[in-house]
Amino acid sequence: MISTEDIIKIASFFSIIAHTPGRLRVRVNPKIKNESGNISLSDIENLPNKIDGIINIKINKIIASVTIIYEPTIFKPKHWEDLVKNENIEELSILINRLAKEVV
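The opening residue of the sequence shown carries number 332 in our numbering; numbering runs sequentially from there.
No lab work stands behind these hints: they were computed from the structure. This structure is a prediction, so every number in the text was calculated from the model and none was measured. Hints should not be assumed to be uniformly reliable.
[Unchecked claim] Label-pair restraints from in silico Cβ distances:
1) 429 <-> 395: 24 to 32 angstroms
2) 374 <-> 354: 27 to 35 angstroms
3) 365 <-> 405: 29 to 37 angstroms
4) 364 <-> 405: 25 to 33 angstroms
5) 422 <-> 391: 28 to 36 angstroms
6) 402 <-> 374: 16 to 24 angstroms
7) 361 <-> 405: 24 to 32 angstroms
8) 364 <-> 404: 30 to 38 angstroms
9) 394 <-> 431: 25 to 33 angstroms
10) 365 <-> 420: 27 to 35 angstroms
11) 424 <-> 358: 19 to 27 angstroms
12) 400 <-> 431: 12 to 20 angstroms
13) 416 <-> 384: 15 to 23 angstroms
[Stated by the list, open to error] Result set (SDA-like, lysine to any residue): computed pairs, CA atoms no more than 25 angstroms apart in a straight line:
14) 340 <-> 413
15) 407 <-> 368
16) 416 <-> 398
17) 362 <-> 432
18) 389 <-> 420
19) 409 <-> 369
20) 392 <-> 356
21) 362 <-> 394
22) 381 <-> 408
23) 409 <-> 431
24) 409 <-> 365
25) 340 <-> 405
26) 416 <-> 430
27) 392 <-> 379
28) 362 <-> 430
29) 432 <-> 394
30) 364 <-> 333
31) 407 <-> 430
32) 416 <-> 356
33) 381 <-> 431
34) 362 <-> 429
35) 362 <-> 405
36) 407 <-> 347
37) 416 <-> 348
38) 416 <-> 383
39) 407 <-> 384
40) 392 <-> 337
Every residue gets a Cβ at the ideal spot worked out from N, C-alpha and C, and that includes glycine.
The task is simple: from the sequences and hints, build the whole structure.
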């Protein structure tokens, strides 16, 4: 299972390519392979089943990008930008924990 701390750690390897409300595309730093611990691609792809507001996550391993489709009224665009920039982490942790569909 993936925790809120894991989500924040994973996001620290992202840089935004394109972002419109409801759709975020990020580039993934290759260093994530060394730092992600026991977090698998399927853990990341399963986040929509675990957190309200995330609709779909598509991982493109060839070009090292992730596309996240989300509900902007639940998970605001600024929250995603803060997550990628590693800002307002305490507020984001509270939000993610509130939106979690199961205890993490």
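Give me the numbers of the hints this structure contradicts, sorted from smallest to largest.
The structure conflicts with hints 2, 10, 15, 17, 19, 24, 28, 29, 34, 35, although it agrees with all the remaining ones.
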